[in-house]
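Engineer: Spelled out, the chains give:
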Amino acid sequence: MKGSLRPLGLSLCIATVVLASSWTFAQPPLPNLAALQQAITQADALETQGLNLNLPLVAEDGSAVPLKVQFNAPLAEGEWITQLRVFASGNPNAEVIDFEPSAAISQLEFSSRIRLSESQDVYVLASSNQGRQWLASRQVRVTLSGCLMSGDEDTTQMGMSQPRIALPRQAQAGKPAEIRTLINHPMETGFRETASGETLAASLVDHLVISRAGETLLRVKFYTGTSANPFVSFFLDQQDQLTFTWTDDQGQQIQETR
Amino acid sequence: MSNSTKDFSVSRRRLLKGLGLASLIPVVSACDSKDSSATANLSAPSPTQAKAGRVLVIGGGFGGATAAKYIKRGNPAISVTLIEPNSTYYTCPFSNLVLAGERNLDSIGHNYNELKEVYGVEVIHALAEDIDGANQSVKLSNGQTLNYDRLLLSPGIDLRWNAIEGYDQAAAELAPHAWKAGEQTLLLRRQLEAMEDGGTFIMSIPADPFRCPPGPYERASLIAHYFKQHKPNSKILLLDAKDNFSKQGLFTSAWQELYGDMIEWVGLSNDGRVVRVDAANLEVETEFGSVYKASVLNVIPPQKAGFIADRAGVSNEGGWVPVNANTFESTQVQNIYVVGDATLAAPMPKSGFAANSQAKVAAAAIVASLAGITPPDPYWANTCYSLLNPDYGISVAGVYKAEEGQIISIPGSGGLSASDAPTSIRQAEAAYAVGWYEAITQDTWGS
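Top line first, the protein sequences correspond to chains A and B. Going by full-length UniProt numbering, the first residue of the first sequence is number 1, and it counts up by one from there. Going by full-length UniProt numbering, the first residue of the second sequence is number 1, and it counts up by one from there.
Bound conformation, chain A alone:
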């Protein structure tokens, strides 16, 4: 079932208070948050404790805002987090990025860089395999700082290239360590126009899968709200024999094994 507007609004207010941050809840959910509402299965049972959304209070460049999502609430026997979905209420398309960990991931801490087209509330919704859900939100003010006017047009860049992977330098077996990855791609939203008024066609990296011996450890789904050159950081207990597979919206793939 889908949460109606009102109970969702109330739950969000509670979320804001419990998060112990100084954010006031500025506005009721916007219509374009239908995507978030659809993802919420039981609006009156949303939990807040243990889910953290880290974003800067003020972002001086909305094209690449550093995002970190952490989850550390107690889970039941056999329960794990299957999805952490990020939504931006003020973006043309509210979906930003989804992290879909397997049960094998013990430390749930994911980072990326996201696009925020204006000052707005950003949400993260976590779901477990037993149907429990958590919601956290943060308000971000987006400004273009006076001296940051670049006077530069984006360079035109096509397709996926130059996958990069950073494994921890001194990892101890069995202890979670951070892995970073990035692939060059313009993440063209389909909303941009050229100087002559033509709309640039959408072109996105669709998702990234990290696997070991054919077993998926983490899947990351990208949207228009993900920054150009999608960056992902995550933690794994074991960092060897990993395969990274990026797939774009044309079905093209790039694969790297480390």
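It should be emphasised that the hints constitute simulated quantities derived from the structure, not laboratory data. One or more of the hints may lead you astray.
Computed footprint of chain B on chain A; a stretch qualifies when at least three of its residues, placed anywhere within it, have a C-beta under 8 Å from a C-beta of chain B [what the hints assert, rightly or not]:
| no. | stretch |
| --- | --- |
| 1 | 51-58 |
| 2 | 61-68 |
| 3 | 158-171 |
| 4 | 178-190 |
For glycine and all other residues, C-beta sits at the position ideal for the given N, C-alpha and C.
Please build the complex by placing chain B on the supplied structure of chain A, with the hints as guidance.
Structural biologist: Here is chain B on its own, set in the frame of chain A:
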């Protein structure tokens, strides 16, 4: 540009009108001032000053020195004490010219004689160590404790040591930041002078927000100017934690035109973010494991508000100071006003010009609040000039106002130097940059 000049003069007039008003209105607000005899107060204000109010200003840079002066200009009866450890302040603006050997450090040093002698500001050369916002008192490194009715902080920035692995205060003696002008500027200059022709100068540049957004790129330009004349086979590598930077198009096309391929810039998406520094070996490592060795290494680390902002309880979890947009009073502690690089004032940049402009707004708000009247509506202006060489200048300008509790850029105001401007315009802007420096330091320190 013409818009900005016009709007700025309007804002100046309004500000002066507000200040003039404040000084004419009878003083009624001594009731909320603390009893200064309660603590060992070595510089008790005279009875009239006690009535008009006592203001402490911490930090003698662009923000603090301007505020001290403009509070006195607004109402000379207010007691104003400036607390600043150093007797000479060296400006970050134009310090890149010192690095390039185009100026000496003395030429960017300013003292507090005008504040003392012309405006009657008491200047104490000590470090403010702690602030008690509830008791409205400040503890100094010389043992004094001073009370205030209003406190103005212009704490500048602190460098986040170890935010980049291996980059701490000891590392800064080998790989200088030179992001606070003075000894660090001279150290980096000596290293550049000692470098052999054919060496590589590497600069690590942080993500926003940081002091002086175009500063790293001006620095690269002026060092390229020095290399071109004295060490023409040398290279400059810029490793950046961002994909976009201030006046990027203007900088990159001028670099090509003036310095060929001497300057290479690597942005965030091409693995430009430095995550580890080995200062002893002058090596840096980036996010995805590239290691570069420098002949001279300049690390500009991530930053936060100066430590006294934390002691005062005015900084937030991000390390910067949120302020009331209309007055620059802290949103967290009453009667403490904060200006300059330490504040969250975007879209205004962290620049000396912005600090000077904010200080005038805060000064007017303090004078008005001590007189029990409403402060005037604020306007701010900023221009960031950058020199690509001593005869090639570019600029970005903005005019700002407060709307619904936020600072906004006035639509249609300000602007950026044209990308296709002729050499004569670049030369003129370089001359304007010098004029700007002389005018703003005259306004701030009287020298």
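Engineer: Next step is simple, just say for each hint if it's right about the structure.
Structural biologist: Hint check results:
| no. | hint | verdict |
| --- | --- | --- |
| 1 | 51-58 | holds (count 3) |
| 2 | 61-68 | holds (count 4) |
| 3 | 158-171 | holds (count 4) |
| 4 | 178-190 | holds (count 3) |
Of the hints listed earlier, there is not a single one the structure fails to meet.
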